[in-house]
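Colleague: Residue-level listing of the chains:
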Amino acid sequence: MIEPASVPPDTTAAAAAGEGDRPLLAIRRRQLRETAIEVAVTAVALTGIAAVVLIFVFVGREALPLFTSEEARQETDLARMFLAQTWREGRAATFTWQPVSDVPKYSMIPLFVGTLKVTFVAMAVAAPVGIAAAVFASEFAPRRLREVLKPTIELLAGIPSVVIGFFALLVMATFLQDTFGFSFRLNAVVAGVALALTVVPVIFTVSEDALTAVPRAYREASLALGATRWETAFRVVLPAAAPGVLAAVVLGFGRSIGETMIVLMASGNAAITSLSLGDSVRTLPATIAAEMGEVVFGGAHYSVLFFIGVELFLFTFVLNTLATTFVRRLVRRMSGTAA
Amino acid sequence: MSVATRKAAGAGLSAITGAAALVVVLMLAIILVDVVRGGAARVSWEFLSAAPEEGMMAGGIFPAIYGTFVMTLMMTVAVLPVGVLTAVYLHEYAPPASRMAAAVRVAVANLAGVPSIVFGLFGLGFFIQFVGAGLDGAFSEPGTITYGKPALIWAALTLAILTLPVVIVATEEALRAVPREHRDASLALGATRSQTLGRVILPQALPGILTGAILAVARGAGEVAPILFTGVAYFLPDLPDGPWSQFMHLGYHVYVLATQSPDVEATRPLLYATVFVLLALTFALNLVAIAIRTRTRQKAAAGH
Amino acid sequence: MTTPVPQAFPAKMETRKLEVRYGAKPAVRDVSLRLPERQVTALIGPSGCGKSTFLRALNRMNDLIPGASAGGEILLDDRSIYASHLDAVELRRRVGMVFQKSNPFPKSIFENVAYGLRVGGMKGRAALAERVERSLRGAALWDEVRDRLDESAMGLSGGQQQRLCIARALAVEPEVVLMDEPASALDPIATAKIEDLIHELKARYTIVIVTHNMQQAARVSDQTAFFYMGELVEVGPTERIFTNPSQQRTEDYVTGKFG
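Chains as they are written, first to last, in this note's numbering: chain A, 1 to 339; chain B, 340 to 643; chain C, 644 to 902.
Don't take every hint at face value.
Said to hold, decoys possible - With a straight-line cut-off of 16 Å between C-alpha atoms, the simulated EDC-like cross-links for lysine to aspartate or glutamate are: (1) K744(C) to E824(C); (2) K744(C) to D523(B); (3) K660(C) to E877(C); (4) K744(C) to D475(B); (5) K660(C) to E874(C); (6) K488(B) to E294(A); (7) K488(B) to D475(B); (8) K845(C) to E680(C); (9) K744(C) to D830(C); (10) K668(C) to E874(C); (11) K668(C) to E680(C); (12) K346(B) to E231(A); (13) K150(A) to E89(A); (14) K750(C) to E520(B); (15) K660(C) to E680(C).
Don't read these hints as lab results, they were simulated from the structure.
Produce the entire structure from the sequences given, and follow the hints as far as they go.
Modeller: Rendered as structure tokens:
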């Protein structure tokens with residue numbers, strides 16, 4: 001039998017630990033603590049889901065009387081909110097929002113029209129500018145410039161909307177009126193252009209992320225085939241990043257629908273149903289902000305304002321889902337699993 | 340097209356897209372210049388530390404600064420633990436392809452898109468009319484409302500939910516930046532998951548988490564719509580003396596001064612000065628956040 | 644002097660028909676291998692042959708990979724490492740690991756070495772300091788760092804960092820040390836130092852080393868196991884494996900015909 005060469009007779013850690021397993025109790029206690037921590041962390045993570053659910057439930061809760069209470073339904077209902085109404089005998093049917101009046105009128109249409117007008121102006125300005133700036137940053141700008149451009153746009157994004165509203169009210173409105181000669185100083189164009197200032201950073205950031213995510217290989221292949229940089233940018237990179245850019249636009253759209261302070265301060269706050277962009281408007285969020293302060297708690301007007309909140313929540317929910325679908329498509333494309 | 344034409348078109352497009360970028364930068368500059376020109380002069384130590392006088396026509400804005408500060412402090416205390424732990428769950432504890440993790444992500448993405456006014460409605464409908472009313476039912480004298488009305492704490496909690504996505508996204512980004520190898524090394528030495536998190540991962544993620552907190556504070560200081568009916572007031576004779584008081588707020592102050600001033604010309608300097616302070620505050624916060632993020636990225640690139 | 648036959652030593656760890664799968668794909672199949680106490684076992688084979696996977700199964704690091712599963716038995720001191728007297732955390736205190744690329748924490752040298760002790764519950768600077776010194780000596784690093792224990796570990800050279808990682812692993816006083824290509828990222832001088840270190844460590848620890856460098860395996864180990872395509876082709880005393888292997892595939896590999 002061959003003797004093992006060098007086995008030190010002293011107790012090494014090996015020998016000691018080999019025999020004396022750490023007491024089972026200590027191990028179990030440690031495992032219990034780890035499980036408790038894991039459960040706690042998981043529970044906290046549920047807050048996010050809970051928040052979304054609670055928002056829907058509790059905003060809806062205050063709007064519910066519209067459908068359940070007799071007195072509320074006296075004042076308005078879904079039909080009256082969306083269809084033209086003859087509010088007075090002998091007059092033509094109109095869409096009117098005029099809650100404070102001897103015959104309260106709760107048509108959603110002027111508010112929808114106002115919101116869409118402002119959003120239209122905002123997107124018409126912000127989408128081209130945002131996307132173009134993103135293309136510039138990702139395809140044409142030298143590195144140093146890009147590193148300055150991105151934080152600058154982040155700073156723009158960091159300006160509180162109340163400040164942009166202030167700027168629109170005091171400076172932009174005058175400038176735009178001098179330039180275009182509007183009859184109303186505060187109107188959909190003023191609000192829309194101001195709104196564009198907050199939407200551009202959203203569109204820029206998401207588009208730029210999508211564009212820079214396009215693999216270098218695409219660009220290099222195009223350039224190797226003799227295309228110029230701009231041809232590569234517009235014929236190869238932009239189409240490849242299209243779902244992401246689309247998502248950016250959708251998110252920007254959602255942002256401009258939901259923006260409150262700017263519109264509150266710069267749109268004139270008149271619930272006019274017209275197609276002219278030079279008219280004052282009232283949007284859905286601004287209506288809530290402007291009127292909630294003077295509303296009777298629990299009354300029909302109060303419930304209608306909450307109902308507008310429900311509408312806004314649902315719109316942005318749908319838009320977000322749309323944007324997420326686009327992003328998912330973009331990711332699939334980039335990783336090469338889709339055609 | 341000839342090569343020359345193509346090149347010219349390219350130059351043209353470069354110019355156009357560059358112009359778009361320039362327009363954005365210019366707008367930022369115009370706003371800044373306008374605010375500085377209109378407001379810098381009026382900002383003095385006295386302005387910052389004194390209370391308003393003469394029906395907001397004169398004096399200072401200290402109560403608004405104080406109210407903004409206290410509210411964002413409460414908001415941060417509420418949002419940081421929840422946001423960081425949620426991000427930890429998503430990054431560390433959630434099993435891959437977990438349905439719950441996917442649901443949390445969807446919820447957070449949606450939360451980020453909810454209009455700020457809807458948060459205000461939520462604050463009113465949930466915190467004030469439900470939680471507050473419940474507290475009143477349990478603890479207040481019948482007939483009195485102590486908890487079920489607009490207050491600092493409700494506004495702070497409402498904003499905490501609004502800024503939750505900001506903290507979660509920043510924290511997740513920070514966690515992702517910690518190299519896998521450190522986690523493996525820690526576990527191979529016999530550390531538990533929570534020990535690895537607490538001793539190795541979170542300390543390294545700290546700058547990113549801080550960035551998230553700073554960005555959340557900047558949002559909280561600037562958002563007005565959610566606090567409109569959850570606690571803010573335009574003129575309060577005293578500073579808030581507890582979480583159940585109302586408070587003044589820089590952003591709200593700007594809004595009221597701009598839209599409801601009885602004498603526009605007289606309040607104009609005051610308005611500009613208040614905007615200056617608010618803008619300076621949010622800019623400083625954003626710049627600090629950007630600086631931390633840039634430094635962290637540079638260190639990460641150089642380190643390995 | 645006759646080299647003692649590794650098989651004569653008791654098996655510190657042993658696998659019986661071990662199989663490791665990632666999802667549906669088996670990375671390691673039907674491996675039964677004895678790892679003798681206080682001997683160095685080298686695992687050699689071409690890349691992708693499963694030797695690293697096998698190594699990681701020994702301290703249950705594969706548990707961290709989603710979709711990984713293990714079948715068969717793995718024994719430490721004749722008891723299964725999945726039995727209730729042990730969990731992964733406890734196991735890893737007894738079976739340490741040194742990784743291919745050194746991965747010191749961005750902490751001080753002292754805190755790196757003390758890390759395993761702290762998470763194990765040891766407190767008190769004096770007690771920690773004593774163990775830290777002992778471990779650094781054990782890793783042949785003490786003289787080089789004794790004056791800068793509180794400096795960041797990131798300031799050390801690659802070779803020093805790897806020895807720091809070894810010291811860190813030794814600090815918890817494991818019984819087995821697993822090394823996954825510990826010197827592959829190092830220059831020849833640093834590599835030589837690591838190999839000397841392994842010779843010294845053998846006296847106290849059971850060592851299992853994965854290496855793609857056959858000369859290193861020949862220099863450093865007592866027993867060598869040749870893996871190919873997830874299976875254990877042959878195992879035996881190092882000298883025999885390299886001079887007179889019994890399997891053709893083994894001979895082809897060690898003579899450089901492939902791999």
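Colleague: Could you run down the list of hints and mark each one as holding or not?
Modeller: Right, here's what the structure says about each hint:
In summary, the hint linking K744(C) to E824(C) is supported, as the alpha carbons are separated by about 8 Å, within the 16 Å threshold. At most 16 Å may separate the alpha-carbon atoms for a hinted pair to count; K744(C) and D523(B) meet this at roughly 12 Å. Taking the CA atoms of K660(C) and E877(C), the gap is near 14 Å; set against the 16 Å cutoff, the hint holds. As the CA atoms of K744(C) and D475(B) are separated by approximately 61 Å, the hinted pair breaks the 16 Å bound.
Restraint check: the Cα-Cα separation between K660(C) and E874(C) comes to about 10 Å, which is no more than 16 Å; the hinted pair holds. For the hint linking K488(B) to E294(A), the alpha-carbon distance of about 15 Å falls within 16 Å, and the restraint holds. Our distance criterion of 16 Å between C-alpha atoms is met by K488(B) and D475(B), whose separation comes to about 10 Å. Straight-line distance between C-alpha atoms of K845(C) and E680(C) comes to about 9 Å, which keeps the hinted pair within the 16 Å bound.
At roughly 13 Å between alpha-carbon atoms, K744(C) and D830(C) fall within 16 Å of each other, so this suggested pair holds. Among the hinted pairs, K668(C) with E874(C) is consistent with the structure: their alpha-carbon atoms are about 13 Å apart, no more than 16 Å. Taken as a hint, the K668(C) and E680(C) pair is broken in the structure, with Cα atoms around 32 Å apart against an allowance of 16 Å. At most 16 Å may separate the alpha-carbon atoms for a hinted pair to count; K346(B) and E231(A) meet this at roughly 10 Å.
Among the hinted pairs, K150(A) with E89(A) is inconsistent with the structure: their alpha-carbon atoms are about 59 Å apart, more than 16 Å. Straight-line distance between C-alpha atoms of K750(C) and E520(B) comes to about 14 Å, which keeps the hinted pair within the 16 Å bound. Proximity of K660(C) to E680(C) is assessed by CA-CA distance (about 20 Å); at most 16 Å being required, the pair is judged violated.
The structure fails to meet hints 4, 11, 13, 15 from the earlier list, while all remaining hints are met.
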